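Can you make the complete structure from the sequences, with help from the hints?
Okay, here's what each chain looks like letter by letter:
Number of protein chains: 2
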Amino acid sequence: MSSYESMGKQELLQLKKELDAKFEAFKAKGLKLDMSRGKPGADQLDLSMKMMDVLDSTANLKCAEGVDCRNYGILDGISEAKQLLGDMIEVPPENIIIYGNSSLNIMYDTVSRSVTHGVMGSTPWCKLDKVKFLCPVPGYDRHFAITEYFGIEMIPVPMTSVGPDMDMVEQLVTEDDAIKGIWCVPKYSNPQGITYSDDTVRRFARLKPVAKDFRIYWDNAYGVHHLYEDDQDVLIEILAECERAGNPDLVFKFCSTSKISFPGSGVAAIAASAANLEFIKKQMAIQTIGYDKLNQLRHVRYYKNLDGMKAHMKLHADILRPKFEAVLDTLDKELSSCDIGSWIRPKGGYFISFEALEGCAKAIIAKCKEAGVVMTPAGATYPYGNDPYDSNIRIAPSFPTPDELATATELFVLCVKLVSIDKILANK
Amino acid sequence: MSSYESMGKQELLQLKKELDAKFEAFKAKGLKLDMSRGKPGADQLDLSMKMMDVLDSTANLKCAEGVDCRNYGILDGISEAKQLLGDMIEVPPENIIIYGNSSLNIMYDTVSRSVTHGVMGSTPWCKLDKVKFLCPVPGYDRHFAITEYFGIEMIPVPMTSVGPDMDMVEQLVTEDDAIKGIWCVPKYSNPQGITYSDDTVRRFARLKPVAKDFRIYWDNAYGVHHLYEDDQDVLIEILAECERAGNPDLVFKFCSTSKISFPGSGVAAIAASAANLEFIKKQMAIQTIGYDKLNQLRHVRYYKNLDGMKAHMKLHADILRPKFEAVLDTLDKELSSCDIGSWIRPKGGYFISFEALEGCAKAIIAKCKEAGVVMTPAGATYPYGNDPYDSNIRIAPSFPTPDELATATELFVLCVKLVSIDKILANK
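Protein chains in written order, with my numbering: chain H, 834 to 1261; chain D, 834 to 1261.
By construction, these hints were calculated from the structure, which means they are not laboratory data. Check each hint, because a few of them may be wrong.
[What the hints assert, rightly or not] SDA-like cross-link-like pairs, simulated, lysine to any residue; straight-line CA separation at most 25 Å:
hint	chain 1	residue 1	chain 2	residue 2
1	H	1143	D	905
2	H	872	H	982
3	H	963	D	951
4	D	1115	H	869
5	D	1261	D	1167
6	H	960	D	954
7	D	1045	D	951
8	H	883	D	889
9	D	1115	D	1073
10	H	883	D	899
11	H	1195	H	1258
12	H	963	D	1115
13	D	1115	H	1119
14	D	1147	D	878
15	H	1045	H	1115
16	H	1115	D	986
17	D	1166	D	1196
18	H	1147	D	891
19	H	872	D	899
20	H	1115	D	951
21	D	960	H	1009
22	D	1137	H	892
23	H	883	D	905
This one's a predicted model, so the numbers in the text were calculated from it and none came from an experiment.
Structure representation (structure tokens):
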């Protein structure tokens, strides 16, 4: 196969005819497949079923502090849960607060608190004329939804292969004191699967924002979510790096076990400097008497320690790896010589990101839908749902079965080809 | 025994001497007892231990909608949990949203959302010069802490034996559009154990506040928390009453299973009109992907239905009743003829409220502490911790054992007597 761009008009029309026939055949199958959300498959959930047995009516329900986990008490998490999640994200337990079931909820609460009460004594953002966040793009739609909900202006910053464009980040935060934060998924990023390089993390830790209430919102969602045991990305730990750089308060780090144990029934946490945590806890003591300690205990008793969790993550990888490879191998085989899109082969995380020819993403996704395959809506990976190039498509391979994925990906590449031919023909 | 006020100076001095000796004997015992918080005792928690067994690794974890409760999905609660908690608080399941583990957290989030985004389209409270809440006193310190944290001015409204002073409530809400809410614990109120009368509830439902974003914050914390099977307070259901009165959007109703199953590991909910819930869900969809559905399922599978829950609450009552009676009987026996305080005999809830002579509460609590018994700090039941009469003392009898309670209450009445004598003597 050769580059579509280099093909003549007649050749393309002939190819289109063949592909159209294939597309009609797909439509006739009446597919109903979903590659839209980063949702674990049922087989992944089965991996944690024995967690349902570790706390039964005969269990000792006291935590390390000697507190009865069935009752009120302990605002910021039982110590063994701080240890486990601290080990997971490479920070000391004293820099951790354990929350409820959702790191997204912690991020929302963190922004909400800044809006009503500022950050460590700063002016509440609701009293300011303008608040802005930097948003590496493509990025995570639910991050952008939080900042949009609070009326925070979002400034897109392009991703490179080693993280956000740091020249741009450094320049913006030193120029504009309305910029109060940046959303980051630093490891196996959503949606591209990019891990920030050492240089990128070091530059983050050394930012000199004019806004004293600027924070890096470091969503470490996929820290232990590798696909390959012998080929893993490594990320410099940001809290320690900020400390080394003399910027200890610069970062809020978020994590959860949503894609380790059960999404919605896991345990989430924030990590930050002592000064940040002190300010957060003042609010927390007003908001709640405490989170679900029994579920914290359930998680610790099941995984025991970081080794236990890593062993568990290998089982997830064994299920996810063939799914990722099914999609990536099909992309390689069908599209690599066509010059009608690009993609990155991630070593972990939950997504594959496809860059279509400019102006083609919406049409590709619509065409997939026409034949029964649902993708994340085009634009979702950009603030305000607006991808200015109409190019980025997020593929979530975790939920369908491998067979379903093979079919869905076959259809996807077909749609990419058809829409790309139309675009190229329109310019010939 | 006769009224202390009617006793002569010498008589009082003689009594004081005897009581002082008793007090010294108490101090010598080195007590360490806590009657400060409404915390269930370990025996109450034991009642729910079998709940730990209902979801094990062999359980079917699909809810009524057919959704796998281990995975993402269902923002506002599984339908069977809405049914159970709806039955518990006498509202239809469609008027319920199930949240996480804490109704206090829902109340906080409700106020926080109003501060940043208003109520059903009203101006966000952070854009207003002044926001005020009515606070029936004595009341719940954690309610007052939320409004204080958000800089909301709190106006005390005296409680009567049938609920808040409704003349005052009606007048204030029709005069001042800065008044946006009122905190209510309408059944077995915290701390007095008062249940609002039919007339009180009907007047609430018929309020005509000038502020369109005024809501009644109806914390139905003790709806099924009776002490006596054959002598229970009955409260008119407020949502239905508001609907009847043509004020369907006037109320937010909160509840949880914290004092039914496990505090901190229960299930909490809000009930409101369809229009209110629609506005809330828009925010909820930004804040979280969903709450812990496995814990919702665990609760439903354990209690099965309202009958199951009521049977369970009888077991709680069997444990709590002797504790309440131990305190109340001692108060009756020791203080009823002295005219140095008053109290109400509640039929449910978690507290007993003692009204000391004016200016005596702080001194009584300090004296108790001196001998090793911790009470809720004086003033806690008033906004800003400021009881203008220094009179109200909240007694929480649930956590100590009956023996400990007997001792602690004996000490308490002794301290009441000693401090009251000092006050009366100072005026003689």
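Q | Broken hints, by number | A | Failing hints: none at all.
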